[in-house]
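Chemist: Residue numbers for the first sequence follow my numbering, beginning at 1 and rising by one.
Derived from the structure by calculation, the hints contain no laboratory data. Misleading hints may appear alongside valid ones.
Ranges of calculated distance between the beta carbons of each label pair, as one might list FRET restraints [unchecked claim]:
#1 D816 x R739: 18 to 24 angstroms
#2 D534 x A328: 52 to 58 angstroms
#3 P786 x E723: 33 to 39 angstroms
#4 P280 x I247: 22 to 28 angstroms
#5 E284 x I247: 23 to 29 angstroms
#6 I247 x N559: 26 to 32 angstroms
#7 S752 x N125: 52 to 58 angstroms
#8 Q879 x P786: 51 to 57 angstroms
#9 E845 x D816: 43 to 49 angstroms
#10 S752 x K599: 31 to 37 angstroms
For each residue, glycine too, the CB sits at the ideal point set by N, CA and C.
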Amino acid sequence: MSNIPKTYEPQNFERETYAAWERDKNFHTTADAKGEPYCIVIPPPNVTGQLHMGHALDETLQDILIRYHRMKGDNTLWMPGTDHAGIATQAKVEEQLRGEGTNRYELGREKFLERVWQWKETYGNRILYQLKTLGSSCDWERERFTMDAGCSAAVRKVFVQLYNEGLIYRGRRITNWCPKCNTALSDIEVEHETEQGHLWHIRYPFKDGSGYVEVATTRPETMLGDTGVAVHPDDERYKNLVGKILILPLVNREIPLFADSYVDKEFGTGAVKVTPAHDPNDFEMGLRNNLEQVKVINNDGTMSDGLGKYSGLDRYKCREQIVADLEAGGFLVKVENHEHAVGHCHRCHTTIEPLISKQWFVKMETLAAPAIEAVKSGALKFVPERFTKIYVNWLENIRDWCISRQLWWGHQIPAWYCDDCGEMTVSEVDVHECPHCHGKNLRREEDVLDTWFSSALWPFSTLGWPDDTPELKKFYPTSVLVTGYDIIFFWVVRMVMMGLKFRGEVPFRKVFIHGLVRDEFGRKMSKSLGNGVDPVEVIEKYGADSLRFMLVTGNTPGNDLRFYWSRVESARNFANKIWNASRFLLMNLEGFDENFKPKRDDLELADRWILHRLAYRIETVTDNLERFELGEAARQLYEFIWFEFCDYYIELTKSRLYGSDAQAKTAALFVLATVLENALRLLHPFMPFLTEIIRQKLPHVEGSIMLAPYPTCDELSDLTSAEDDEIDAIANLVLSIVRSVRNPKSQLGIDSRKKAAVVLKVTNADFVELLKNHVNYVAELASAEPIIFADEKPAHALSDVVDGAEIYLPLEGLIDTDKEIARLDKELDKLRKFAVSTAGKLKNERFLTKAPPAVVQSERDKLASTEEKISSLEQRIAQLKSL
RNA sequence: GGGGUUGUAGCUCAGAUGGUUAGAGUGCCUCGUUGACAUCGAGGAGGUCACAGAUUCGAGUUCUGUCAGCCCCACCA
């Protein structure tokens, strides 16, 4: 039992502690281990990623749940791994290539992929290392990667089955295209932002020279691809003109004026130019009305060949040119300011260009239905509940999922095209011979799958699927998924759909949603703003325990939180407080008989009180953990350890520890050690390092805290219980007297630790004996000495009154009678107001008849005690005035 | 255009199923370093719980509306 340094310095032990846990395989479990299965699969961070505050929060919440359940005795598995993050990772390597003056096309697909794997090997573990510094107790032996052999096999199997069932199809459709990333995107990868744009009004003349139709557009450059103009069938203005031919300005293409009920009569001129190849709505109208699709914008955002002087221009340069030319030709009527929503690539923020291309899609309707049913039946529950509605609403309006990406890094789609017969073959294994014509000229589909396709399988692919592994049997469905609300659509819903489809069960029973970590001004932390705080820096300065505690306190499920250095400091101070409370115990342990175990009757009031408070906190902390109210659980522990244990209990043990009664000292040490050890175990999920390092120094302790049982009231049942009204009442009385001594002393500017005489007049006879027995507590906590029991009110004294007692501090010479009268008057005023409102309640007939008797009684008690206090104060004031 | 969410002390936030005189951290003020901790202790000031109604014996807590902020979804050119 050696002592510890004076200040808490996490840098000295966090790393070693983690290494020891790993060495001892404390994070590892097996399917056949005992206990109820409890499993969380990590939201796999991007291999390109660096730990940011969002991860830190996500990991901390998971680690708290994992450590709690592991201690509780569950067979606990936290499944770790990383995500290949298609676009992000590919972009990193392409950037590297740019620096070398080359690009992926020059390198070729095979060589490029070698480079990416190389990159992954070099940098891919950085984030995992960072997770370790945070204390994450993942089962690292089971680490997975979305592109490892197993996950890839799962992807192929799922793809092929969905294809065979007709749930995956390939089609030429209009999709969101990012000209910079040079790939198609799914709908949710497009972020809509309202922008201040323009509405250009343009005249399209009739071929027969009988005037013109005016259309309005926000994207004039797309007119090059116009193949019609649409009006609403009921629009009186155009009814007789439908069917006539228009001449497209600048292009001189003949295009029809047609009717389609999609058109809004009220908007613009009521006539819409229709560009089927570059607008989703126009695309649909084009299909309905048999219009030609003329593609005029290339994948890279420049204008297509065959458009004369416009060819090769950037889409926005072209827009300027078109507008200028329209104006010169007399076609431009007017330009209005117009606010509208524009889609941007969520990765690079380039404006999305809707383009027609051949892509792969997942048909969502049949997959979505069971996912909706899962929350309705209660098989899947969101915490907090409100996210259920968001989830359901999204699924009910879901559209097909574009899963093909024109990238190289990712799961290449397992489809082969035969150059001989033109047939396509989708297969789990590589195809070398066309099954239709036995030709050998096969080309594999070049596109890869959306990263989220493999993520969707994560809860079962990591457990070994498609093999029927013991892990899969034991841990699927997993217990809970912990993630931010920002990826519910990207990830959560897709996992639910795939889990239900391929395992017949939800992938997790609960989804615990948290918010975003923002900066001190409430802004989202982002690279471009440069306002991100690096968790690694915080850990280096203050320790992982401080960061974790800061992230979890003052936070409630589903809500954002702000990062403040001052809050990290406050968490660090808490750690230091625990450190020093432990240090206090350790330095007094000399000669402590480890085998001593007192009986309940050997304990004194303070001991019984702190043990009872401990039992109470065990109940509330456990209850809050079960309800995912981690912030509240942490707050409970903070209050218990700092206020109840340190501020009161430790102070009350000092006389015994410094005194000469060996047995009393041993009893006090026993309780101190017991309470501290329990508190450390309760706190361990939140602050794993500190609790481990301290607990190992305590008597009677063997093995790691992370494998010790989580405290229960049963464990303490021969010493205390969570319910003990008698102890509560006594503690309240003693503590309120303590406050009544401290308060006036402080107001007179007297050093709180300076001994001062106190006169107690006990007004409630029931308390006399009790107070006489425990008056030493008042003496110790309030530096009150001597304490005299008397029935007289000393004349020259500060005073206060509590339930059952009057407290006097005879400080002759220091008292300003007028000031004291004023102070008491103020107090009296407060009490009278309270008495009036309480009396009012009690006069209310309906309150008396309708409120529960217990509530009525408590109001009566309050009124009685308040009136008693009022009368005491009145007497006191009269006495002072008569001096 | 729908939907969600927030509005409590100067600042950041807790206050589940309505019931003591609404709490904490931080900041501020006063006092205090002979040993667990100044990364500390004692005390204090500071809130008409956004506003208006409703339900109720009783509302920070439930309902409706208003105002303000934030977010998500949405194919009006």
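Chemist: Now, for every hint given, state plainly whether the structure supports it.
Modeler: How the hints compare with the structure:
1. D816 x R739: 18 to 24 angstroms: holds, 22 angstroms
2. D534 x A328: 52 to 58 angstroms: holds, 55 angstroms
3. P786 x E723: 33 to 39 angstroms: Between P786 and E723, where Cβ atoms are some 36 angstroms apart, the hint holds.
4. P280 x I247: 22 to 28 angstroms: holds, 26 angstroms
5. E284 x I247: 23 to 29 angstroms: holds, 25 angstroms
6. I247 x N559: 26 to 32 angstroms: violated, 58 angstroms
7. S752 x N125: 52 to 58 angstroms: holds, 54 angstroms
8. Q879 x P786: 51 to 57 angstroms: 23 angstroms Cβ-Cβ, so the 51 to 57 angstroms window is violated.
9. E845 x D816: 43 to 49 angstroms: Since the Cβ atoms of E845 and D816 sit about 47 angstroms apart, the hinted range of 43 to 49 angstroms holds.
10. S752 x K599: 31 to 37 angstroms: holds, 36 angstroms
Violated hints for the displayed structure, listed by number in ascending order: 6 and 8.
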